[in-house]
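Going line by line, the protein sequences match chains A and B.
Under our numbering, residue 182 is the last one in the first sequence; the count climbs by one each step, no gaps.
Under our numbering, residue 1378 is the last one in the second sequence; the count climbs by one each step, no gaps.
Don't read these hints as lab results, they were simulated from the structure.
All C-beta atoms, glycine included, are put in the ideal place defined by N, C-alpha and C.
Be careful, since some hints might not be right.
[To be verified] Quick look at which bits of chain A chain B covers, simulated, 3 or more residues with Cβ under 8 Å:
| no. | region |
| --- | --- |
| 1 | 55-67 |
| 2 | 112-124 |
| 3 | 137-145 |
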Amino acid sequence: MENDDLLALFDARDERALRELQETCGTFCLRTAQNITGSREDAEECVSEAFAVLWDRIPPEQPYPVSAYLLRVVRNLALKKRRDAKAAKRNAGEVLELGAVEELISAPGPDADPGQLRDALNAFLGELKKEDRILFLRRYWFEESLSVLASSLGVREGTLRVRLTRLREKLRKKLEKEGIDL
Amino acid sequence: MKKECLEDALTQIDAAYLDEAAKAAGSSKKTRRSGPGRILLIAAALAVLLIAGISAVSPADLSFYLDKTFHGGYDLIDGMTSVPRSVAYSSSGGGIRLEMKGIVGDGQAADVFFDIIVDPNSGLTDKNLYFVTDIDRVWSIFRLPKADGSHSWNQRELGRETAEDGSVVYRMCCGIKSGDLKRGDDLAVRVSTVFTVDFEAQQKQTLLTGKWSMVFTLDYEDISKVIPLDLEITPAFRPFGSEEECVTCPLHLREVRISPLSLMLTGDCAASDDPGGTEFAEVGIQYRDGSCVPQSSAYRMGGGMVVLNDDGTWRDASAEEIAAWESRNTITGGSSSSRADPDDPGRLLRTWIWTFSSELDYENAVCLLLGGEAVELQ
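Chain B on its own, in the form it takes in the complex (with noise of 0.2 Å):
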């Protein structure tokens, strides 16, 4: 039988099945498990690890923390390309073990999640504990939070549940600057000295001392959906630290990647439009319902891969230069950057970057503003 045979009665079928099949898939959602199931097996998984002593975990299911990180939940993973992995690695002793649940990302940041289970024959309590953290030699160190949405840095603490003997599971989620390029790389989670602060004494109790460590890979499916664009448009950009001066710059739009983790628009300019030094364009994502993501500033680091001289010309950037355009980038939540055009040297191909702190809901978003321009998303 020919394909397009099949297909054309498959496409014939009773009407009845297929609104069956569509409301099923239309408002399908990840299975989820009930408060008291999940703390239940939890338990169960807990039980199981203390008796056989393995350090292996099966893959999680990932829908508490896909759940508090984006709005979305699984409606949103669901309308993607591909779905996160989940990875099975662990890492116990001391009291406390590390276990890992799975990554989510795209090619410019990723969402490791993972728990940090607290043995109650520890001796150790929430408060005031504090850890550090190594992850692809980034260092941090943040406290538990007392409350819910408190959080250092870019790590997490997404839910924590008291297990039936007695162990703290904190759920915690790490985003990461990964892309493309350190996909595949060795990562490690690692507790190291757990100590108490008297913030008013200022002094410090060591409790623990020791290192923890739980090495994964970095490996996951690109999450984000591509837009075609071929749209030209003139953002207005400020120069860094000028409220008065702007800088119109026709652009033409090439296309838009974008996922709940960040949001990256390519397209090119004429090199002798680009308005070079540092600036920087009001940003906004509209959504659906009319609300509106406040706006931040995306900066542009003076050309961003190349620097443009006062004559016109312009140069590659010096490593240093670009190290340091990112050091200041890191603290802006957006970036960009410009090369030459290898296929007409009188243009520049321009990339901006926004990471989200996972919440865009790329969905309902239905709108970038850009310097006072619109870019449709849908």
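Only chain A is shown next, with the shape it has when bound in the complex (with noise of 0.2 Å):
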């Protein structure tokens, strides 16, 4: 279904618009969620309220590709989930499992300005090939693991630890050049 099709039945307040997310997208936002919670369970449950907040705010938002939004949405719930996780993990003075995101930073210090890392990382992303910019987003994006990632494209996990780190070099130095340590 064209994205206008997908608009309209919701700007109609047609469930059929749902139906075909899930059927197209569904699976795929379970995954990414499991990628990033680390539990099933979670993910169900961020799915479950990303529809609920698509279906809240289309219309009168009207995003292009509505999947990605719904991704970008699933991403947030998730993100938040695994926060707050963390959050009650640390409270108990338990032992906090790394995200793929971690592997970016090489010490924390002050944040950037949201708006301006966020044009950076466009920047950058637009200056990579096409294969290595799907690589970076399913690993750093959508959280997907090393094993998983050398499965699906046929390759060693280790040829991909190597690209990845090139690709991490780059990404440093891109923002250095921004004026923005990682």
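Hey, can you piece these two chains together into the complex? The hints should help.
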């Protein structure tokens, strides 16, 4: 279904919009949320909530494409769940697990301006070859594990590690140029 | 920079990049080589092996084996938390070469993929060839089938190809009940005597006598996923051999572990509710598209690891009793066991295990049907 048709269903308050989204990206949303939260239960909760958020926001919002918008909402909810869970663990004195993004940060320091950082990331992604851009996002946006990525791409994990190290280095240099420290 | 700041900025990247990556990830399949490409690759690999005479091989691309084994192919494997590993062992000599390709498995079972490569100069043909294999002390005899899909016991030929030098490569899969206890053990694929059989004359002619042995470590990552449950059901069981009697047992289901190879359900019930004795429940798997795995019988033998006495008390089963149950379970495709709940002497912990012939498409399996009750799997 085309994006406009999907938006028209949302505008008409037709629940087929949600069914269509569920069929086309439900499983993938669930997988992404599970990658981030590490819990099937939490992931299902995030995806259900994300559908409710979309139902509330469209209209008036008219995102393009709706699927990417849904993924963003799912990721936001999943990140929140992970942060809450980590805070609870931290308070309980438990060992914290590291997310994929942790690989990108060399040392905790002052935060960058969110808008400037987003623009720099977009510029960085725009300069990458398509396959590198997809790899970068699958690892750091969708938080797919190295083993899943290696199997999916038909390469060894070691090869992926090397490619990701180079991409991280490129990102670091790009952000440095923009005056942003990772 | 704090991690949260970078995470939030990443979330806001351009939707076009996100859409591009989502499409690539959502429809990802392992890179596959085309048919002719694969044949050329095999020929090249064989040439290297023949010229160099080396015994080790590179880790294999398992796409061929997985596609042939699992309905869901790579889509199925990609959805799992871990992936099968290629392993590289080989053994050669006397016109027959064995090459290990990889292992995929879970806590109950494993599929071992390997090739048997028959040299054209050996004078052997695939017609009436018999191989005797020994894997983990379990002996079986199988005949390389004339048609795809034919197989004996749990070993099957996934396909065969003829290399440029005339070698015939038989791509094999051997399913074994490994379980967590056997992971890390050294096992072997052995090809011993090769002979032809004239069935009408009931005569056999030995063509080659020898032992080809490929030892490998049963090393793999568990590909199953766990679905937590907190569900009360009351399935109906029938005593073994009876079509009339029906016994219900209220069960509290805790979790299900599912993979293409097996499905394990765990739960508990009050010891007083346990029907005891030999029993089975009708089992089926409902798929999203409405189709259903054909019903099979899941047997439970005499309370599994405990035996219920006539007065309602129970005792631990003897090793002989357990061995007898296990030997009977091997013909059913399903088994279950019970043991006392250490936290509550009044309850039994119960486990059901069903193994499937490497065909459970778990991502599309929506429901387990057990004794007239349904357990959601998604």
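Hints, verified against the model:
no. : hint    : in the structure
1   : 55-67   : holds (count 4)
2   : 112-124 : holds (count 6)
3   : 137-145 : holds (count 7)
No hint from the list above goes unmet by this structure.
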